[in-house]
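Visitor: Below, each chain spelled out in residue letters.
Protein chains: 2
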Amino acid sequence: MLETLSSHAAFGGTQAFYRHESVACGGPMKVSVLLPPQCKEGPRPALYYLAGLTCTEETFVTKAGAQRVAAELGLVLVTCDTSPRSARFVGDDASWDFGQGAGFYLDATEAPWSAVYRMETYVTRELIEAVEATLSIDRTRRGIFGHSMGGHGALSLSLRHPGLYHSVSAFAPICSPSRVPWGEKAFSHYLGSDREAWKAHDTVELLRTRRFPSKVLIDQGLGDKFLSRELSPDLLEEACRASGQDLVLRRHEGYDHSYYFIATFIEDHLRHHARELAPR
Amino acid sequence: MLETLSSHAAFGGTQAFYRHESVACGGPMKVSVLLPPQCKEGPRPALYYLAGLTCTEETFVTKAGAQRVAAELGLVLVTCDTSPRSARFVGDDASWDFGQGAGFYLDATEAPWSAVYRMETYVTRELIEAVEATLSIDRTRRGIFGHSMGGHGALSLSLRHPGLYHSVSAFAPICSPSRVPWGEKAFSHYLGSDREAWKAHDTVELLRTRRFPSKVLIDQGLGDKFLSRELSPDLLEEACRASGQDLVLRRHEGYDHSYYFIATFIEDHLRHHARELAPR
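Going down the list, the sequences are from chains A and B.
Per my numbering, the first sequence starts with residue 145, numbered consecutively.
Per my numbering, the second sequence starts with residue 145, numbered consecutively.
Hints may be right or wrong, so weigh each one.
When chains are identical, the list treats them as one kind, so a pair holds in a single copy or across two.
Said to hold, decoys possible - No farther apart than 25 Å at their CA atoms in a straight line, the calculated lysine to aspartate or glutamate pairs in the DMTMM-like style are these:
(1) 207 / 412
(2) 207 / 185
(3) 184 / 397
(4) 369 / 147
(5) 207 / 328
(6) 343 / 397
(7) 329 / 390
Treat the hints as calculated values from the structure; they're not laboratory data.
Values in this document were obtained by computation on a predicted structure and should not be read as measured data.
Excised from the complex, chain A in its bound form:
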């Protein structure tokens, strides 16, 4: 099911890159997986990472420095690509914030995108099935986290699929895509012009009726150039307060939107997930 592209010893475990067929995305998709050393003894919980605009399955693996602590804690790290890559459409590479590298972790309903821009089905069904069928992964405990567009993905998918994920966190997430330029551009193309339909993919809106599976950890840099225009952490904070959702939102002076920010705080996120995913 998973075809191995490459495999590297890392921190006593293995950092592997795979390819597999996706029906939802209409062709092969690439996946990276860190298998911690504990997988040799038995299945371990997996933590799914969703990357931001322009990234691939390789970005987090290369830049976040997550393997050390994941190998210590016995967490499998799974990272996928940020859009379908096989089928191509006119305009899908005209800008860096839409189309290729910008799937927004939803199933498009508007042509032509609806044919294969189905990242929600891919992430929540096909990806999980592929790695759980093949690798030493505990099927009862899953975490999800992400950065920026992938933070939106982690937050919204965990709300939209109750019971699927058991721990959630995000770095600089797009908290309310239906209200900001990145989200307006993507949603209008993928979901059409009816803004009511957008709310089902907007974390702040979803929190009116839904709750996360456990306490949520969010880190946000205050030197992030996208903060005021695209990210809306204040709205998330307000929505969590209104619904009684347990949230730890940390604001960090001077930190920007880069993987240097992620690398600085990745250890806290991995320990957060390990705690929330621990057998009770």
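Dock chain B against the given chain A, drawing on the hints supplied.
Guide: Relative to chain A, chain B alone:
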């Protein structure tokens, strides 16, 4: 002297990218520097990293995961490029192991390379002067380390410049370039056909008459595809034994030549340098 290209908060310190003019290399060169938080209080020792074939000043910064421990230990990390980049010559990009990205950390003596392929002068003089003149760096304690071609650079430059560096280590270094294909190709073009002249840039040969400033740490993966053809750690071990040089050479089952290998063992190298650079 250093023009800032970008700067990112990281682990309480700053990961910065600079450009500066190099006379030796005939034009601007790029440099990356991690300034640990301790630099705000006073000068800290700097550790110079030399990268391998095809890399740039960015590779180590992105992939090695070194910032966390350097920020803890108060070590400045300086990384430069792997060749001059401004002047271009016919054939300098014909292969990945010669010319662009493959300066071998020596001053070429053969035309046309001798005009600007002068990475030894650049690394041991201009780079040090540029960062020490501008940043909060302790001028009395310097370390040097590197990977593959950069491991050759770290080992040979520390032997060729007694007193300049006070601690040394390497990941999968080319220990005896004058005896292996990578070195033969580079040295014959940069230094000419007289193999006697090559010995002055060959760590194993230099060890006949010289010693490192302190104990040397080397890590080598046994799953490294370049090991038997290019790296010769056995010759280094033998030369150190013959000369009474204190060497810790660790061989690691399954690890390859990649930055996953480096990331796995980077913490040990940084702690090695911090120990050797500590005030006595």
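Visitor: Taking 25 Å as the upper bound on the Cα-Cα distance, should residue 207 and residue 328 be classified as within, between, both, or neither?
Guide: Cα proximity of residue 207 and residue 328: none, with 29 Å in one copy and 34 Å across.
Visitor: How would you label the pair residue 207, residue 412 (within, between, both, or neither) given a Cα cut-off of 25 Å?
Guide: For residue 207 and residue 412, both the intra-copy (16 Å) and inter-copy (20 Å) Cα distances are at most 25 Å.
Visitor: At most 25 Å between CA atoms: does that hold for residue 329 and residue 390 within a copy, between copies, both, or neither?
Guide: Answer is neither; intra-copy 31 Å and inter-copy 62 Å both fail.
Visitor: At most 25 Å between CA atoms: does that hold for residue 343 and residue 397 within a copy, between copies, both, or neither?
Guide: For residue 343 and residue 397, neither the intra-copy (31 Å) nor the inter-copy (52 Å) Cα distance is at most 25 Å.
Visitor: For residue 369 vs residue 147, is the C-alpha pair at or below 25 Å within one copy, between two copies, both, or neither?
Guide: So residue 369 and residue 147 pass the 25 Å test across copies only (22 Å; inside, 39 Å).
Visitor: For residue 184 and residue 397, with the copy left unspecified, which applies at a CA distance of at most 25 Å: within, between, both, or neither?
Guide: Close across copies (16 Å), not inside one copy (41 Å); limit 25 Å.
Visitor: Quick one: residue 207 to residue 185, C-alpha cut-off 25 Å, is that within a copy, between copies, both, or neither?
Guide: neither (28 Å within a copy, 29 Å between copies)
Of the numbered hints given earlier, the model fails hints 2, 5, 6 and 7; all others are met.
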